[in-house]
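Novice: Based on the hints, put chain A in the right spot on chain C.
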Amino acid sequence: NAGVTQTPKFQVLKTGQSMTLQCAQDMNHEYMSWYRQDPGMGLRLIHYSVGAGITDQGEVPNGYNVSRSTTEDFPLRLLSAAPSQTSVYFCASRPGTGYNEQFFGPGTRLTVL
Amino acid sequence: AQSVTQLGSHVSVSEGALVLLRCNYSSSVPPYLFWYVQYPNQGLQLLLKYTTGATLVKGINGFEAEFKKSETSFHLTKPSAHMSDAAEYFCAVSDPATGRRALTFGSGTRLQVQP
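Chains as they are written, first to last, in this note's numbering: chain C, 91 to 203; chain A, 95 to 209.
Next comes chain C alone, as it looks inside the complex (with noise of 0.2 Å):
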């Protein structure tokens, strides 16, 4: 098993742009996370999802997209990208009911100017 991936691992835009960061678990989980850390803030839910077609909003959801059209693929969209977004992205994902530990990828360090 591969468990949780993410592309890319670094990315630099420019205000204004939009860009899509990818996730994919091959575990069969139904529940993924997508987490923001910046520097003395620990991690902070963007968004999650219980499987798919289902999703919902976490902590700090604004100007950010995702959809969850596949159990394996849960992507993050920025519509339009700011410099308060530059930070590190994580994608999470953990089995269903009874089993509580999540598995995170290696993380996407996006910069924005």
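For the record, the hints were derived by calculation from the structure and aren't laboratory data. Even for Gly, the Cβ is constructed at its ideal location relative to N, Cα and C. A couple of the hints might just be wrong.
Per label pair, the in silico range of CB-to-CB distance [said to hold, decoys possible]:
#1 G93(C) / R204(A): 24 to 32 Å
#2 G130(C) / Q139(A): 16 to 24 Å
#3 S108(A) / N152(C): 42 to 50 Å
#4 P196(C) / I154(A): 12 to 20 Å
Specialist: Showing chain A alone in chain C's frame:
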């Protein structure tokens, strides 16, 4: 709303000394608690977790944590620090607002180990 507080953004210990990283939480429901470690430029790795049952939980790399309901704490300890323990450590609680499907994290504690 629930929250996680990690006291001390930086902790420095000598090699061989006790490691104590503090975590306090607030939760409206019985909490599921986690400690994750992040090495430089890497993702997060689970150290240990508490869901139900025994309140003293042992994790990888010699770490352990004790769930104390009366103190709303879940402090992480290791009897003897090793240079390889230098990393950032995050305490997290499963978030009832998401049906426990996602986590609320503390702000992290960076552990430095001095030779």
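Novice: Now tell me, hint by hint, if it's right for this structure.
Specialist: Against the structure, the hints come out as follows:
Against the hinted window of 24 to 32 Å, the Cβ-Cβ separation of G93(C) and R204(A) comes to about 25 Å, which satisfies the hint. Take G130(C) and Q139(A): their Cβ atoms lie about 21 Å apart, and the range 16 to 24 Å holds. Checked against the hint of 42 to 50 Å, the pair S108(A) and N152(C) passes, with Cβ atoms roughly 44 Å apart. In this structure, P196(C) and I154(A) meet the distance hint of 12 to 20 Å, their C-beta atoms being roughly 19 Å apart.
Comparing the model with each numbered hint stated earlier shows that all of them hold.
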